[in-house]
Amino acid sequence: EAGVVQSPRYKIIEKKQPVAFWCNPISGHNTLYWYLQNLGQGPELLIRYENEEAVDDSQLPKDRFSAERLKGVDSTLKIQPAELGDSAVYLCASSPGTDPSYEQYFGPGTRLTVT
Amino acid sequence: KQEVTQIPAALSVPEGENLVLNCSFTDSAIYNLQWFRQDPGKGLTSLLLIQSSQREQTSGRLNASLDKSSGRSTLYIAASQPGDSATYLCAVGIQGAQKLVFGQGTRLTINP
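Protein sequences, first through last, are from chains X and G.
Reminder that position 17 of the first sequence reads as 17 in the working numbering, one-by-one numbering, no gaps.
Reminder that position 43 of the second sequence reads as 1043 in the working numbering, one-by-one numbering, no gaps.
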């Protein structure tokens, strides 16, 4: 069974440019998460989807960040415009549902560098 | 607000030693606790998941315990190997919010 797939793995952009990250969760996983991980820190939740609905986006900086999961499968996270402080690793995770017995499975992440 | 703390931030031990990594959390209203491993430049690999009703979980040389009342969890690694070198993260599942709150991690180095 394929794991969570993310692309690109690395991205370098200049500040003020737009950038997008893509995530394909494990097949059959209804719940999808985007996390932000700064260097030396643990991941922090940005947004959680249940199928195509964003049910928790309270930590998403909506002035510059947006996300979508149109068909309830893969998802895209966008930043426009990017700032120097956005340099971090963006992790996608999925789980079969939100039952507490379910584990979250993480992708390899996208490392963003803003210059 | 739930806060998760991991001590120590970094640990270096010789191969073969048994070791314990610590995780503490401020709010006992959790539904589970997960321990993850993260290799440099890689994503997170789940090691052990403990439900709030459980006291411990074991997988191979790893044993994780959970004491909700005191807000503590430990990850015990037996007979450490150089391949165990990685950053270990604990995360608690928040009741009602359906999300994980992570600690900052412990960077573990096993010296041959």
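Any given hint could turn out to be false.
[As the list claims (entries may be wrong)] Heads up, simulated DSS-like pairs for lysine-lysine below, C-alpha to C-alpha not over 25 Å straight-line: (1) G:Lys1042 / X:Lys11; (2) X:Lys16 / X:Lys78; (3) G:Lys1042 / G:Lys1001; (4) X:Lys16 / X:Lys71; (5) G:Lys1068 / X:Lys78; (6) G:Lys1099 / X:Lys62; (7) G:Lys1001 / X:Lys62; (8) X:Lys15 / X:Lys78; (9) G:Lys1099 / G:Lys1042; (10) G:Lys1001 / G:Lys1099; (11) X:Lys11 / X:Lys78; (12) X:Lys15 / G:Lys1068; (13) X:Lys71 / X:Lys15; (14) G:Lys1001 / X:Lys71; (15) X:Lys16 / X:Lys62.
The set of hints was computed from the structure by calculation and includes no laboratory data.
Violated hints - listed by number, lowest first:
3, 4, 5, 12, 13 and 14
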